[in-house]
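As given, the protein sequences belong to chains W and V, one line each in that order.
Taking the numbering used here, I'd label the letters of the first sequence as residues 1 to 482.
Taking the numbering used here, I'd label the letters of the second sequence as residues 1001 to 1224.
Just so you know, the hints here were simulated from the structure itself, not pulled from any lab data.
It is possible that some hints are incorrect.
[What the hints assert, rightly or not] The list that follows gives simulated cross-link-like pairs (lysine-lysine, DSS-like), each with its CA atoms no further than 25 Å apart:
1) V/Lys1085 with W/Lys194
2) W/Lys278 with W/Lys232
3) W/Lys278 with V/Lys1085
4) V/Lys1207 with W/Lys185
5) V/Lys1093 with V/Lys1214
6) V/Lys1166 with V/Lys1085
7) V/Lys1207 with V/Lys1085
8) V/Lys1214 with W/Lys185
9) W/Lys185 with W/Lys169
10) W/Lys406 with W/Lys393
11) W/Lys370 with V/Lys1027
12) W/Lys194 with V/Lys1207
13) W/Lys170 with W/Lys185
14) W/Lys7 with W/Lys327
15) V/Lys1166 with V/Lys1214
16) W/Lys194 with W/Lys169
17) W/Lys370 with W/Lys7
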Amino acid sequence: MHSRVDKFVETARRELKVELSQAFLLMLSLGAPIMRQIGLSSFPDPAAAEAYSRAVRAEAVDRLPELLEEFERNATARGVQVIWARDAAEANSAILDIAQRRGIRYVTKGKSLVTEEIGLNEHLVEGGVEVFETDLGEVITQLLSLPPFHLVGPALNVPPEEISAVFLKKGIISEPTTVPVELGKAARAYLREKFRHLDMGIVGVNVAVAETGTFINVENEGNIRLTKSSPKTLVAVMSLEKVVPTMADALHLVRMVCRNCTGQKLSSYVSMDTGPKKTGEIDGPEEVFIVIVDNGRSEIYRDPQARQILRCIRCGACANVCPVYAKIGGYPYGFAYTGPMGQVMNPLLLGIEACSDLYRACTLCGACSKICPAGVDHPSLILEYRAREIRLKNGGSADFRSRAGKALASLLSMVMGSSLLWRLGVKCARPVLNRFARGGYISGIPTGPQAWFGCRDLRAMPARTFHEQWQDLQAGSGREAS
Amino acid sequence: MNQDAREGILNRLKSAPRNNPDARPPKPVLSETGLDREGMLERFTSELTAQTGTTYRVQSGEEALAVLARIAAEEGLRSIIVAGKALPGMDLKAFGDREGVAVTAAPETADREALRQAAFTADAGVTFADFAVAETGTVGLIFRQDQPRLVSIAPPVHIAVIPVDKLHPVYEDVIGQVFGETDHIPSQFAFITGPSATADIQAVGFKGMHGPVKVFAIFVTGRE
Chain W
1 MHSRVDKFVE TARRELKVEL SQAFLLMLSL GAPIMRQIGL SSFPDPAAAE AYSRAVRAEA
61 VDRLPELLEE FERNATARGV QVIWARDAAE ANSAILDIAQ RRGIRYVTKG KSLVTEEIGL
121 NEHLVEGGVE VFETDLGEVI TQLLSLPPFH LVGPALNVPP EEISAVFLKK GIISEPTTVP
181 VELGKAARAY LREKFRHLDM GIVGVNVAVA ETGTFINVEN EGNIRLTKSS PKTLVAVMSL
241 EKVVPTMADA LHLVRMVCRN CTGQKLSSYV SMDTGPKKTG EIDGPEEVFI VIVDNGRSEI
301 YRDPQARQIL RCIRCGACAN VCPVYAKIGG YPYGFAYTGP MGQVMNPLLL GIEACSDLYR
361 ACTLCGACSK ICPAGVDHPS LILEYRAREI RLKNGGSADF RSRAGKALAS LLSMVMGSSL
421 LWRLGVKCAR PVLNRFARGG YISGIPTGPQ AWFGCRDLRA MPARTFHEQW QDLQAGSGRE
481 AS
Chain V
1001 MNQDAREGIL NRLKSAPRNN PDARPPKPVL SETGLDREGM LERFTSELTA QTGTTYRVQS
1061 GEEALAVLAR IAAEEGLRSI IVAGKALPGM DLKAFGDREG VAVTAAPETA DREALRQAAF
1121 TADAGVTFAD FAVAETGTVG LIFRQDQPRL VSIAPPVHIA VIPVDKLHPV YEDVIGQVFG
1181 ETDHIPSQFA FITGPSATAD IQAVGFKGMH GPVKVFAIFV TGRE
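I would like the entire structure built from these sequences, with the hints used as guidance.
If you want it as C-alpha cells, here you go:
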C-alpha cells in the first residue's frame, strides 16, 4: 500500500471539518466501548480472560521461531504448500505466479490487512488478474479507492449516496438507493456469481495453530467461507506473528477478538482449515498455499522494545477508545493500520523518520494499552519512537541541547519536589513569562525551548497564583460567615 | 529462492535476544462449563435467538421431519440440498416427494460444478450436524465426503439437525474431539453461529450478507 503518512496533518485538519465523519466518530467512540464491555461481561471474570489472552500472545511471540517451524511442519505434512516471503515484492510475485500458472482471470478476496500492507491487489491487477474484494466494507473502499477508515469497518463513514453512485456506475444496482440493506443485498447478488464460478480464492489468517498446522478465519459475512469453499485453489496470506501453540490457545483468542472487535461473543463463522480437501470431497480446495510474510517483522523481532507490537491480534479496540482517533478517524494514519496500533506499527514498517506526526499525535493517556487484549503497551512505544527520532536527528549521540535539557529537567524535578521552592519559583517566573505574552498567549520565548513551543502555546499567567486566589477566597468567605 | 527466504527469516528470528515466556495465569473459567443437558439447551436457545435464529426440540426423526415441513411451508421452500449422515426416521427423499419439495443429496452430485449449481440455486441447505455448543448457540460441522462445504453457506436458509448428545457446553469439548486425533483432522471444520451478517454501511446491521439469511437448529432428543 502506498503510504500517505506524510499528509497526516492536512488530512486530519480536513477530517475535523467533515460532518459525517465527526457524527460517526462520536457514535463509534461512545458505542463501541460499551458493546465491548457487554461482550466481556459474559466471562465470569473478564480480567482473568484478558490476562490469559495477553499471556498467550506474549508466549507466542517469545517462542515465535520454533512455533513457525512447528506450524510449517504440520501444515506441510497435511498437504499445504508453505511459501516464505521476505518482503512485499516476494509475496506479491509468488501469489501472482500461482494465479498466472493456472490461467486465473479473477480472484475473490476475504478481508486481509497484510495484503493491504503489501499492496497485493495492485500487483495482481497489473499482472492481469482481476481482484474482487468481498467483505462489504472492502468492496466499497476498493470501488471508491479509499484508504481504510477503521481497522475493522473500513467504509463505515462513507455516505450511502457515494456508495449508490459507484454501485450504479459498476452496474451492481440499476436504480439509485441510499438504504444500506438494499446496497448490501445488491453486493450479495453481484458477488454470488463471482463465488459460484471461482477458480482461486485469497484470504488472510486470524490465527495459525502450530500443533496442527491449522489456520483460522473469523468473519460475519460468509464471504471468507465462500472464498475457501468454492474454488480449486486457495491462498492464505499470514504475517508471521499469527501463530499460537495450541488449538485451545486459538479458541481463547477467538473469544477475545470477537468481544473486543464488535462486542460479539462469537462471530457468525469461525472456519478452521487443515490442508486441502481429501479424496472424495466434492468441494473445498485441491491445493492450499500459505504465504508467510515477513516484510520487516523479523527485524522488528530483533528490536527488544518494539517486538511487543507483534502481539497485536487486529481487533481494533484500541481505535475505539482513542481520543485522537475519535476526532480524526482513520484516514490521516495514511496506511493499512489505523488507530493506536497503526501509530505503533506504521513507523516500524515505513521508518521512524517518515512517521513523526503519527507518534506525536498522542496524548499518552494510555486508554489503548489498558484495554488491549494482546498486552501491547502502545504509549511506551510511542515515547520510544519520539526518543529515537531525536537521537536520529542528533546523529545518534547526546548533544549539548539534550544534556542541557537533562540538567533543566533535574532542576525542575527538584523545584517541583518542594512546595516552598515551587511557590517561590512560580511567583518569580510569572512576570518574566508574561513579558512575552501576545493576545493572552505566550507562543515563544527568544532564548527558550523553541521545539517545545513549536506545537504548543502557553496561556498568559494571571497576576495571582491559584494558591493566592484560594487564600483570598477563604478569607472572604470567613468574613461572611462571621 | 524460497529456501533462501525461509532460512533468512528464521535465522533472523533465531538470532534475536530470547525471552523465556512467563508462566501462564490460570485458564479463565467459563460460565457454561458443567451445564447439564437442560441448561445447555436453554443456553443454546437463548444465544441463537439473540442472533435471530430459531431452535426446535423434537423427540424423533419423524417429528423433525414435521418441523422441517412447517419451516418449508412458512419459508416457501421449493428446493433443498441435503448433507451429512441422516438420522433414523429421516428419509428426506420421501419427505420431498410428500411435501412437493425438490431434494438434492449433496454427496450424490457428480462434481464441483454440479454441487455449485445445486447449492447456489437451492432455497435451503439441510445439514445433519456433527456438534453443537451451548456457549454461543453454535453449530459445528466437519466437512468431508458426505458433508460438502457449500450446503451450509450458499443457500439463503440453513437448517441444522443435531442429535442432542452432540450438544456440549463449550468449544473446547468439541475441538478436543475434532482435532484430538491428529491423523484424522478434517480439511475444514466450522463453527456457525446464526445467519450471515454485516454492519459495514453506516453501522446498519442486517442478516444475510453473503450466506444464509435465516438459521434453524432442530435438536433430536430421542424418546424421553
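Evaluation of the provided hints:
no.	hint	in the structure
1	V/Lys1085 with W/Lys194	30 Å, violated
2	W/Lys278 with W/Lys232	12 Å, holds
3	W/Lys278 with V/Lys1085	18 Å, holds
4	V/Lys1207 with W/Lys185	10 Å, holds
5	V/Lys1093 with V/Lys1214	23 Å, holds
6	V/Lys1166 with V/Lys1085	13 Å, holds
7	V/Lys1207 with V/Lys1085	28 Å, violated
8	V/Lys1214 with W/Lys185	14 Å, holds
9	W/Lys185 with W/Lys169	17 Å, holds
10	W/Lys406 with W/Lys393	17 Å, holds
11	W/Lys370 with V/Lys1027	20 Å, holds
12	W/Lys194 with V/Lys1207	20 Å, holds
13	W/Lys170 with W/Lys185	15 Å, holds
14	W/Lys7 with W/Lys327	16 Å, holds
15	V/Lys1166 with V/Lys1214	22 Å, holds
16	W/Lys194 with W/Lys169	18 Å, holds
17	W/Lys370 with W/Lys7	29 Å, violated
Consistency note: the structure conflicts with the earlier hints numbered 1, 7 and 17.
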